[in-house]
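J.: Produce the entire structure from the sequences given, and follow the hints as far as they go.
2 protein chains.
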Amino acid sequence: MSEAFSVPYFKENFQQYIERNKDVFTKTHAMNAYYRSIVGTLINDNLNKNSEIVRRIRNLEKAYNEVKNQN
Amino acid sequence: MSEAFSVPYFKENFQQYIERNKDVFTKTHAMNAYYRSIVGTLINDNLNKNSEIVRRIRNLEKAYNEVKNQN
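Same order as they appear, the protein sequences are chains A and B. Be aware that the first sequence starts at 1, since it is given in our numbering, and climbs by one per residue. Be aware that the second sequence starts at 1, since it is given in our numbering, and climbs by one per residue.
Read the hints as simulated data drawn from the structure, not as lab findings. All clues stand as given, with none of them false.
Same chains, same label: a pair holds when it works inside one copy or across any pair of copies.
Straight-line Cα separation of at most 25 Å, SDA-like style, residue types lysine to any residue; simulated pairs:
{"id": "1", "residue 1": "K11", "residue 2": "H29"}
{"id": "2", "residue 1": "K68", "residue 2": "N46"}
{"id": "3", "residue 1": "K62", "residue 2": "A30"}
{"id": "4", "residue 1": "K22", "residue 2": "K68"}
Just so we're clear, the structure is a prediction, and the values are computed from it rather than from any experiment.
T.: In structure tokens form, the structure reads like this:
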């Protein structure tokens, strides 16, 4: 299993979310919904420093772009 | 006009984005697409401190929730 909040971790999660919702959401819509829900969670986490929150969101964004460009 | 990156600013932008895309996106899909695009932009802004980036994303999240719950 990938390290939590790493790029591979978010990629796996995007792929699972797309797969689970494929009957109701297009790939892009599923990805945008997952992205919004994760950012909402990350920024409400008061245990972490802002630098760590920004690092995690950057990993999420990178994973988003990598999964989006996959066939 | 609202102060840039404030909650009212993001609310206005969500509403404009929903309106402009209403023929192709549902309200939720438009909001998620806009949200993703703004977060992607905010975190790639190296001019701002992490605390300012997190503050802006929190405003975006708050605006999202307020617009989402409007009829």
